[in-house]
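Assemble chain B onto chain A, guided by the hints.
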Amino acid sequence: MSESRVIDARDTFCPGPLMELIGYMKHAQVGDELELLSTDKGSSADIPEWIKKVGHEMISIEKVEETWHIKVRKAK
Amino acid sequence: MRILVVGGGTAGTIVANNLARRLSAETRSGKVRITMLSASDRHMYQPGLLYVAFGQMTPDQLYRDQASLLEASIEFHVDPVKQFQLDQKRVLTEGGKVHEYDILVIATGSRMVPEETPGLNEGAEFFYTEASAVKMYKRLREFKGGKVAVAVGVPHKCPIAPVEVMFSLHDFFKARGIRDKVQMKYYYPIGRIHTIENVAIWAKPEFDRLGIEYETLFNIKEVDAKNKILKSEEGIDVEYDLLIVIPAHRGMEVIERDNLGQGGWIPTNRHSLTMNGHDNVYVVGDTTNLPVSKTGSAAHFQAEVISENIASIIKVGEPVRDYDGKVYCFIEAGHDRATYAMFNYQNPPDLKPPSKPMHWFKVAYNQMYWTSVRGLL
Numbered sequence: 001m002s003e004s005r006v007i008d009a010r011d012t013f014c015p016g017p018l019m020e021l022i023g024y025m026k027h028a029q030v031g032d033e034l035e036l037l038s039t040d041k042g043s044s045a046d047i048p049e050w051i052k053k054v055g056h057e058m059i060s061i062e063k064v065e066e067t068w069h070i071k072v073r074k075a076k
Numbered sequence: 001m002r003i004l005v006v007g008g009g010t011a012g013t014i015v016a017n018n019l020a021r022r023l024s025a026e027t028r029s030g031k032v033r034i035t036m037l038s039a040s041d042r043h044m045y046q047p048g049l050l051y052v053a054f055g056q057m058t059p060d061q062l063y064r065d066q067a068s069l070l071e072a073s074i075e076f077h078v079d080p081v082k083q084f085q086l087d088q089k090r091v092l093t094e095g096g097k098v099h100e101y102d103i104l105v106i107a108t109g110s111r112m113v114p115e116e117t118p119g120l121n122e123g124a125e126f127f128y129t130e131a132s133a134v135k136m137y138k139r140l141r142e143f144k145g146g147k148v149a150v151a152v153g154v155p156h157k158c159p160i161a162p163v164e165v166m167f168s169l170h171d172f173f174k175a176r177g178i179r180d181k182v183q184m185k186y187y188y189p190i191g192r193i194h195t196i197e198n199v200a201i202w203a204k205p206e207f208d209r210l211g212i213e214y215e216t217l218f219n220i221k222e223v224d225a226k227n228k229i230l231k232s233e234e235g236i237d238v239e240y241d242l243l244i245v246i247p248a249h250r251g252m253e254v255i256e257r258d259n260l261g262q263g264g265w266i267p268t269n270r271h272s273l274t275m276n277g278h279d280n281v282y283v284v285g286d287t288t289n290l291p292v293s294k295t296g297s298a299a300h301f302q303a304e305v306i307s308e309n310i311a312s313i314i315k316v317g318e319p320v321r322d323y324d325g326k327v328y329c330f331i332e333a334g335h336d337r338a339t340y341a342m343f344n345y346q347n348p349p350d351l352k353p354p355s356k357p358m359h360w361f362k363v364a365y366n367q368m369y370w371t372s373v374r375g376l377l
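Here the protein sequences come in this chain order: A and B.
Numbered per our numbering, the first sequence spans residues 1 to 76.
Numbered per our numbering, the second sequence spans residues 1 to 377.
No wet-lab data here; the hints were simulated from the structure.
Worth double-checking, as some hints may not be accurate.
Distance windows between CB atoms, simulated [as the list claims (entries may be wrong)]:
#1 B/121 with A/5: 29 to 35 angstroms
#2 B/61 with A/30: 20 to 26 angstroms
#3 A/66 with B/335: 41 to 47 angstroms
#4 A/26 with B/345: 29 to 35 angstroms
#5 B/87 with A/48: 24 to 30 angstroms
#6 A/5 with B/321: 37 to 43 angstroms
#7 A/5 with B/363: 36 to 42 angstroms
Coverage of chain B stretches by chain A, computed from C-beta distances (three or more under 8 angstroms per stretch; other residues unrestricted) [said to hold, decoys possible]:
#8 115-129
#9 228-240
So, partial list: chain A residues that the calculated Cβ filter (under 10 angstroms) puts toward chain B [what the hints assert, rightly or not]:
#10 18
#11 19
#12 22
#13 26
#14 47
Even glycine gets a Cβ: it sits at the ideal position worked out from N, Cα and C.
If we strip away everything but chain B, and leave its shape as in the complex, we get:
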């Protein structure tokens, strides 16, 4: 039985490690073989990018060697997939190799695509990659005051990030003694300030309290970087001194190129997490088309369901449980306080007031993450 995991991010790493543990006897006897393909020999803790953008972490702290996170029985290759050939149950890699499989797990993730919006790369700061987060921190350090606009494209990973960045900006400028010289305004594409209704309800009075303005039904159209104007589909022009954008995302290019899913989002059964039309292909993490947040926590909970089911299918011929849409997201709310949003397909989140212990739990989780991806938490 050949299990192939494509993608070495949170989802793929947890699936591979969980499977290796559950199927340790089978891998030792050679009955099962687990292979992972990744584009990188490093694993990035992506939530750390927000900390890098505010000078609270340095980039080196984001990474661990991917091989060091994997169970010894996993065969790991830094050789991304060039083409999926699902009908033939195999993939072709950039390195020219062919990997045949009996069970495939696609965990290729998502990426920001600012280049699809005219002027965005030239005019805005981002924090969704190492380079952009470091650049944003340098811009923030030299910023002396003026209008800060934060705008959001859809879809994007980490839905909580837009709200968290506002609180981080408030604290950052306050600590530098220039908060009164900064006007902060938040622009969001739908009719409330957050896609998760209870987060919008919680965040609105927080924004009001901190003097953060907001405008809804604002969809980014283009940026006139020379004149520092952000333009919306609704015909609104916003002058800014500093523009921070969470750009729209797509799945990986190979997913679109191979017609596995429009926009790179693969049609996935919301409970079994199998790819529509392919019962031997599982899809996990950002690259699904599921109506759940694209977050590490969703990837984690999905990965647990998938690895439990694959192991059970191998051992007893049947899966054992469904994914219920579970997501758990910390929300850093500024001032060393945090809260969290825990929800699933049926139950929206019930946000508690932010607290210091929850912030310290998040800070601890920044390190505990490395135990999570080993499949131990």
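One chain only, chain A, in its complex shape:
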């Protein structure tokens, strides 16, 4: 059964949010979903690139006020 989790990485700075994502992916199962909250502009660009490079799935990325809500799924 896939799990869904939220990690709040707001007010942490590059590469903090990306490192949170990598740490999560290491322990997650295929199909698990993560919503990462970030206020770091660099990470909002790096994370979709990293997801694409590794071959996971980018569900959505949305900016609400000052926070990026980045939703990803572990695909492999």
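Same frame as chain A, but now just chain B:
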């Protein structure tokens, strides 16, 4: 008033010396007492390790006797902290002593942790300790050609080091006449070749000009030392003949053990430099969780703010200024040229073209450092 400084590196030494000068009358009268605890009786100039790794300095040149750097009024003990008891305003030391304080300054620094990555200790060279820098120099001397991979873990102290090591490698192999036999590739964890955007913008054409290849979004996972393969979280395998790594770092073990900060990074107010939730505890240097580079220069500027504020609080009851995030880093760019990155919370660095005078200034600073830690520069 008892002021306790824990840590005898750049940050702690500058805080203690600045305080001793500013509060000389108070220490003479006994109104203030300044104590420093350190794990070592020696003080290391850490930026010198890069020079040791390339045979440009010998290890003995890195050190001075810690006591010789301190103002006479500072009570100095080589007796590291075993436990922080902040609620009781005291620390317990490895030597079994108890030091109570009114004001605490935590300056315990950071350390590389290659053992947390499988195969890294067996397969890679480092230059963040004396032993590893000397070992790396010997490997470099015997290297005859092949693939050199340089990879970076996060977080680490001295963010400029990965870029500087590439330029140093280029010059080293060129001087030995084997640069054309060496393929150099640089691997960095985020989506550009340096965490500081303007450094990435400046360094990219320099790498291109020198024939240094690079790959971004590369996060070290493990090393197969037997087969000489570096493996990334992204599923990429890199074959190498010589692997140089700047490993991920943590704060000191005691900080994590006492739950003062995840990863050993203590939550710190970015302006007052007080520990979150403890107004009588200041945090300085690498062990903060601040979004600033972990460098000697940041430690220096933070230390000045802290010592000025502590002295002012003692004298007039109020602090006088905030830390603005200031960092100043030399960047050795090869060929006896250097530039610098100066920035703060608000303003990114504006890098000037490298020049010989800036390199000679850095070389001079390698000696002037000893005046800096005495709080005189």
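Q. So the hint says 20 to 26 angstroms: do the beta-carbon atoms of residue 61 of chain B and residue 30 of chain A match that?
A. violated (53 angstroms)
Q: Note whether the CB distance of residue 87 of chain B and residue 48 of chain A lies within 24 to 30 angstroms or breaks it.
A: violated (45 angstroms)
Q: Report holds or violated for the interface hint on residue 26 of chain A, using the least CB-CB distance to chain B and a cut-off of 10 angstroms.
A: holds (7 angstroms)
**Q.** Distance restraint evaluation - residue 5 of chain A, residue 363 of chain B, Cβ atoms, bounds 36 to 42 angstroms
**A.** Because 51 angstroms falls outside the window, the suggested range is violated.
Q. Counting residues of the region 115-129 of chain B with a beta carbon closer than 8 angstroms to any beta carbon of chain A, are there 3 or more?
A. Violated, because only 0 residues of the region 115-129 of chain B bring their Cβ atoms closer than 8 angstroms to Cβ atoms of chain A.
Q | Restraint check, 10 angstroms cut-off on beta carbons, for residue 18 of chain A near chain B | A | Residue 18 of chain A check passes; min Cβ-Cβ to chain B is 6 angstroms, inside 10 angstroms.
(Q) Can you verify the interface hint for residue 47 of chain A: is its Cβ closer than 10 angstroms to any Cβ in chain B? (A) holds (9 angstroms)
Q. Minimum Cβ distance from residue 19 of chain A to chain B below 10 angstroms?
A. Residue 19 of chain A check passes; min Cβ-Cβ to chain B is 6 angstroms, inside 10 angstroms.
Q | Distance restraint evaluation - residue 66 of chain A, residue 335 of chain B, Cβ atoms, bounds 41 to 47 angstroms | A | holds (44 angstroms)
Q | Verdict on chain A covering the region 228-240 of chain B, criterion of 3 CB contacts below 8 angstroms | A | As far as the region 228-240 of chain B goes, the hint holds, because 3 residues have Cβ atoms under 8 angstroms from chain A.
**Q.** residue 5 of chain A versus residue 321 of chain B beta-carbon gap, inside 37 to 43 angstroms or not
**A.** holds (42 angstroms)
**Q.** Cβ separation of residue 26 of chain A and residue 345 of chain B, checked against the hinted range 29 to 35 angstroms
**A.** holds (32 angstroms)
Checked against the numbered hints listed earlier, the structure breaks hints 2, 5, 7, 8; every other hint is satisfied.
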